Amino acid sequence: MDGDKIFEGGDIVLMVLGSESYGEKSVEIAAGLSQKSVCYVTLNKTYESMKDAFGKHKAKMENVVFIDGITKTIRSLPNNETDGCYYATSPAALTEISILVSKCLHHKFEYLVFDSLSNILIYQDKAPLARFVSNLANQARANKARAIFYVLESERGEEVKLPALKCGASF
Amino acid sequence: MAKTIMVVDDEPDNVTTVKTVLEKNGYKVVTAVNGDDCLKKLPKQKVDLILLDIMMPGTPVRDVVQKIKGTKIAYLSVVRVSEAEKEDMLKSKNIVDFIQKPFDIDDLLARVRKIAGK
Numbered sequence: 001m002d003g004d005k006i007f008e009g010g011d012i013v014l015m016v017l018g019s020e021s022y023g024e025k026s027v028e029i030a031a032g033l034s035q036k037s038v039c040y041v042t043l044n045k046t047y048e049s050m051k052d053a054f055g056k057h058k059a060k061m062e063n064v065v066f067i068d069g070i071t072k073t074i075r076s077l078p079n080n081e082t083d084g085c086y087y088a089t090s091p092a093a094l095t096e097i098s099i100l101v102s103k104c105l106h107h108k109f110e111y112l113v114f115d116s117l118s119n120i121l122i123y124q125d126k127a128p129l130a131r132f133v134s135n136l137a138n139q140a141r142a143n144k145a146r147a148i149f150y151v152l153e154s155e156r157g158e159e160v161k162l163p164a165l166k167c168g169a170s171f
Numbered sequence: 001m002a003k004t005i006m007v008v009d010d011e012p013d014n015v016t017t018v019k020t021v022l023e024k025n026g027y028k029v030v031t032a033v034n035g036d037d038c039l040k041k042l043p044k045q046k047v048d049l050i051l052l053d054i055m056m057p058g059t060p061v062r063d064v065v066q067k068i069k070g071t072k073i074a075y076l077s078v079v080r081v082s083e084a085e086k087e088d089m090l091k092s093k094n095i096v097d098f099i100q101k102p103f104d105i106d107d108l109l110a111r112v113r114k115i116a117g118k
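Residue numbers (the working numbering), protein chains in the order written: chain A, 1 to 171; chain B, 1 to 118.
Warning: the hint list may mix true and false statements.
Taking lysine-lysine and the BS3-like style, the derived pairs with C-alpha atoms no more than 30 Å apart in a straight line are [unchecked claim]: (1) B:69 / A:58; (2) B:118 / B:93; (3) B:24 / A:72; (4) B:101 / B:118; (5) A:72 / B:118; (6) B:118 / B:69; (7) B:69 / A:60.
These aren't lab readings, by the way, just hints derived from the structure by calculation. These numbers come from a predicted model, not from an experiment.
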């Protein structure tokens, strides 16, 4: 799926992915965008696993910078950043993640991919999450970047209501 | 005497499913809603194996694991990690298995039997 199709409804998109296809689709979409520069925030796949997954999809890794908010919760790391990745303390560290996204977007990234809002809901209520998403969406707009926020389709059929976003597609 | 398994997960549905299956197969099951709850309950009973969800609110799982001494732990993980990271984690002295979610319940049971015994 190319960027034009994803963003035909607007520059900030909420993408609802079914649990069956989530793992594959979330990577495939972002890998497709990697022809241009991508800032990828991952809260459920470690940077090391993302390198493998992007490699399988022949993504242009040199165009992608990762913000990894999960690795530090499960193992020790010697540094807060490596080549191609910044590490946040945890998926609950919204201010830290926001600062890292801001840092990246100032370097004129074309796309921000946020994977995923569902993971934050494990740690935060909907109100702070909505403020956080609104903040990131505004940052993306201010830096003329397009943004995709992934959310996992709820098995219970509950709606994710985030007024800051347009629901772009579901798979 | 029945082996005791502690199931640590913030998703009540997951806990109920795993608890039901393990109890039907002769295990005693205790539960905890997160890592902090696990650390609070652990000194009060002998546990043969902890099934520990990797993504929960509260203290990060890395810190929880460091505080657990002498009890085997199997990670239940919705987080995708690389093979190298998995191998690295399994080198820790009390991490004995890494079970990717969603898991097959029969597979989980087989792994529990292998680690904790019947």
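Notebook entry, point to check: Looking back at the hints listed earlier, which ones does the structure fail to meet?
Noted result: 1, 3, 5, 7
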